[in-house]
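Number of protein chains: 4
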Amino acid sequence: MKPFKLASRSDTNKDTLVAIPMPERTLFIGQGYCTIIAGPCAVEGRDSYLETALFLKNIGAHILRGGIFKPRTSPYSFKGLGREGLAIMVEARDLTGLPLVSEIMDVRDLDYLYEEVDILQVGSRNMQNFTLLEELGKLKKPVLLKRGLSATIEEWLLAAEYILNGGNPNVILCERGIRTFETYTRNTVDIGAVPLIKHLSHLPILVDPSHATGKWKMVVPVAKAAIAAGADGVMVEVHPDPDRALSDGKQSLTPDNFRKLYEEIEKLAALDNKVIL
Amino acid sequence: MKPFKLASRSDTNKDTLVAIPMPERTLFIGQGYCTIIAGPCAVEGRDSYLETALFLKNIGAHILRGGIFKPRTSPYSFKGLGREGLAIMVEARDLTGLPLVSEIMDVRDLDYLYEEVDILQVGSRNMQNFTLLEELGKLKKPVLLKRGLSATIEEWLLAAEYILNGGNPNVILCERGIRTFETYTRNTVDIGAVPLIKHLSHLPILVDPSHATGKWKMVVPVAKAAIAAGADGVMVEVHPDPDRALSDGKQSLTPDNFRKLYEEIEKLAALDNKVIL
Amino acid sequence: MKPFKLASRSDTNKDTLVAIPMPERTLFIGQGYCTIIAGPCAVEGRDSYLETALFLKNIGAHILRGGIFKPRTSPYSFKGLGREGLAIMVEARDLTGLPLVSEIMDVRDLDYLYEEVDILQVGSRNMQNFTLLEELGKLKKPVLLKRGLSATIEEWLLAAEYILNGGNPNVILCERGIRTFETYTRNTVDIGAVPLIKHLSHLPILVDPSHATGKWKMVVPVAKAAIAAGADGVMVEVHPDPDRALSDGKQSLTPDNFRKLYEEIEKLAALDNKVIL
Amino acid sequence: MKPFKLASRSDTNKDTLVAIPMPERTLFIGQGYCTIIAGPCAVEGRDSYLETALFLKNIGAHILRGGIFKPRTSPYSFKGLGREGLAIMVEARDLTGLPLVSEIMDVRDLDYLYEEVDILQVGSRNMQNFTLLEELGKLKKPVLLKRGLSATIEEWLLAAEYILNGGNPNVILCERGIRTFETYTRNTVDIGAVPLIKHLSHLPILVDPSHATGKWKMVVPVAKAAIAAGADGVMVEVHPDPDRALSDGKQSLTPDNFRKLYEEIEKLAALDNKVIL
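Protein chains in written order, with my numbering: chain L, 1 to 277; chain Z, 1 to 277; chain R, 1 to 277; chain H, 1 to 277.
Same shape as in the complex, but just chain L (with noise of 0.2 Å):
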């Protein structure tokens, strides 16, 4: 037996699916849903954001990224907007009904952003902050989990499971890229999580290629190998002005590139038949 009993889908023969209750409709991530997360790397100033927000919608993204709180190597690069970029995302949600996705790194900021954000991220560096993942198995709220840059796959799902294990079943796993010796590349996409997940998990799997490649040009071919080796979807940064952005430019797509994206993903979606509203 796995040591992730909850997380394991010899627990259950049924895909996890993640409701994420809207106004106008309720979104689903998992069960064949393939979802669309997009948005800048972080929130740098309201007009942007917005102008950037109505744009993914257009062109049919189904959830917005943005960072407020950014995790940065350095403490002297550009920490996001806080509270104030907050504000910007809930004001985008109002604008697009698109529900918001965005990293919590402080439990102790948990009480506001419960309230505004849909689905609550956790980033890379802190899949195993434990008491992070306990106080949000907690709650209810969605949350998107981050592979850690050298967790292995079994502790990976074992931070899902101290999720589950706290009454939360709405877990979102999200493959990031590990590290590697390789530097060409800011990390590795481990393309095989996909297939690897939806053998021991129900729960669903996104790819975030940006991240994982740090580079724009191997965004739009690795998000095609996510969506054929069965990932529920990808989560991409798309900056109006990718060569001005605060954090992450060189990764970023401009919206022509992301409308790009967006219909090769439709064309293989429909190839496994999967839905993308």
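Read the hints as simulated data drawn from the structure, not as lab findings. Where is the CB? At the ideal position from N, CA and C, for every residue including glycine. Mixed in with the good hints there might be a few duds.
[As the list claims (entries may be wrong)] Simulated pairs of lysine-lysine, PhoX-like, Cα-Cα distance not exceeding 20 Å:
no. : chain 1 : residue 1 : chain 2 : residue 2
1   : R       : 274       : H       : 260
2   : R       : 2         : H       : 215
3   : R       : 14        : H       : 217
4   : H       : 267       : R       : 274
5   : L       : 2         : Z       : 215
6   : H       : 5         : H       : 138
7   : Z       : 138       : H       : 79
8   : R       : 217       : H       : 14
9   : H       : 14        : H       : 2
10  : L       : 14        : L       : 274
11  : H       : 274       : R       : 260
12  : L       : 5         : R       : 79
13  : L       : 2         : Z       : 217
14  : R       : 215       : H       : 2
15  : L       : 217       : Z       : 2
16  : H       : 2         : R       : 217
[What the hints assert, rightly or not] Examples of chain L residues toward chain Z, derived with CB under 8 Å:
no. : residue
17  : 150
18  : 153
19  : 178
20  : 180
21  : 183
22  : 184
23  : 185
24  : 190
25  : 194
26  : 199
27  : 213
28  : 218
29  : 222
30  : 225
31  : 230
32  : 268
Position chains Z, R and H against the provided structure of chain L, taking the given hints into account.
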């Protein structure tokens, strides 16, 4: 300027097309052709190899693989049938009209392998066997160059450069998984290597999902991912009775699963306007 | 210029000396002092902890370690005694006069851990828990910062920079092994990190051979290697009865083996004119 | 039972002692002898090699190293002087009485290298060049088997097994760093490999801190660590003028620094009652 001058895309804007002349028709790899190489890990006996070869031919495989010299971690493992195995492969070629790829481990075998094998494979353990690369550079015979277990993209292209620099332009790259900390899978397929190689080089690139994952259930999803990411084809292990294989049974497809693989790849190739003859 | 401005040796030619004031005497780490931290992985009970503490004190250990909040990969594993364990550690300090080091996992525990613990440990899973680092930067309490499981040297020093930049100069680094493909050992000690840190930074560096190797037979040789490479000390796990330990028994030294370790380190310290009080 | 039957300690409780007979005296490796191998990365010219050899002999080095066939990642790098370099090495042996170690890359060179070289080195890239290992197994000549760049301990011992199984008991292992994600150093020395090999096998093990770190400033500390961890010796690069070296200058010790290394190792060897003749 990149250190791999001849392998670099900057040298030429035209993708390499490797031609494999056969009595009935010439087979091509690269430039929009989608190539499927299949066969058992090792040639184990005449009847089973010929039977498998016919089956693969009927489904649509383009090239027959088969190990006759197997690089084995332990000196006590089955190391292949050697020249006896080669005779069986040649018989299969006569029977099916399909070209042969087999691994060369020792420069001293070059003379007769050169005569009988259509593509000489350099395995991952020999990617930096520079004396072998230099000998292969003196020929025109196509070389399938597998990526070393922990080779960077740059080292891999520099290994190709050894062959190109010797005067042999017919190099086909093959991603077969790199070594990471993950223990559920045998290796980790670096799917990003596909678009990266396409960006850096004009050489064709295949993916071997069998060795890379070590689990047959992951072979079809990862093969699909490879094609979706832009690979020029895949190389898979097929065995009529995987449970009885002398090596790599766990990662071998049954003939039935190979048929499914073929159908899936056909659909993906069509989506990207690739030719799968 | 290095991105870790305050942690960088270029800022100052003087090595950091961390002082830990105790009633009887002030203990120092760095600048030629050779420090030995010892204790069980987790505090499991009053009697065994006090007995171990007395033994360690008698042999010559300088600091007592003991986990009261254990970061465990699985939610089902023993997670420490919490505040009950802390009370036992405090009793051991009163009994032995030795300072205490214990891990902090949650910023919300800081208030009372600050009062009772002499060195706050940040575990490898929290090396990039930036909100925790920022809180620790506001104090003057010494922080033992373990290297993340797959952290580069630069990321590690930038994590230290968070604390230094907050205003807390008392950072002690601790190499505890990185994750590699090797499966015989739990992790791989990066012994080169010791001279490299000494070259790049003025901060003291310890090595934890217990977590790094996962095998008690390797602890003494690797601890010796650490001192010979220039480390400012070691941190080891000692358990009165390793076979019955609730966590990490396989890597714990018996009291007798700890005595041998102490004697070996004493000889090596003398060779390099290091002070082992 | 371990898969490396002959390399395994379980086969014999006696450590292997490798004897290298020289006109004046027989040199031994293993069983408590502490051996220092030194020389430039590549033999670059007669005068500088002879001068370096004499210097090394005077300080106390036991064996001269020198590359005459250099495995180079790029086909455009300096690849050694070949047989001309060998003649220079032989002259140095006549001059100093010290035995020679040099790398063999091609089985076709075996005939004459066998005659002239006292220890045949198998480089990390050829650790799994099984046809080479099989040829070396047919001889009695000592073989210095470097660990592959990403080889597990088990694979390494199985490579040794190929040689032992062929009938040649004279295998010396050499840890030279493994590939990890760290970019400040060339490779990561796996110091734990030393006690682990001592635990698993009866074969002697050396450490090469020059290739492993890629930085001369780290060579002395890591060499000390190796001896403290129980290694049977070290293999270091020394160059009369590192800034002008045709390969690996950055990791080469000056003659003065080699003297310091020798003195440090002498003290550590004495501590563990090792013989450094």
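Evaluation of the provided hints:
| no. | hint | in the structure |
| --- | --- | --- |
| 1 | R/274 to H/260 | holds (18 Å) |
| 2 | R/2 to H/215 | holds (18 Å) |
| 3 | R/14 to H/217 | holds (19 Å) |
| 4 | H/267 to R/274 | holds (15 Å) |
| 5 | L/2 to Z/215 | holds (18 Å) |
| 6 | H/5 to H/138 | holds (18 Å) |
| 7 | Z/138 to H/79 | holds (18 Å) |
| 8 | R/217 to H/14 | holds (19 Å) |
| 9 | H/14 to H/2 | holds (17 Å) |
| 10 | L/14 to L/274 | holds (16 Å) |
| 11 | H/274 to R/260 | holds (18 Å) |
| 12 | L/5 to R/79 | holds (18 Å) |
| 13 | L/2 to Z/217 | holds (18 Å) |
| 14 | R/215 to H/2 | holds (18 Å) |
| 15 | L/217 to Z/2 | holds (18 Å) |
| 16 | H/2 to R/217 | holds (18 Å) |
| 17 | 150 | holds (6 Å) |
| 18 | 153 | holds (5 Å) |
| 19 | 178 | holds (6 Å) |
| 20 | 180 | holds (6 Å) |
| 21 | 183 | holds (7 Å) |
| 22 | 184 | holds (5 Å) |
| 23 | 185 | holds (5 Å) |
| 24 | 190 | holds (5 Å) |
| 25 | 194 | holds (7 Å) |
| 26 | 199 | holds (6 Å) |
| 27 | 213 | holds (5 Å) |
| 28 | 218 | holds (5 Å) |
| 29 | 222 | holds (6 Å) |
| 30 | 225 | holds (4 Å) |
| 31 | 230 | holds (5 Å) |
| 32 | 268 | holds (6 Å) |
Comparing the model with each earlier hint shows no violations; every hint is respected.
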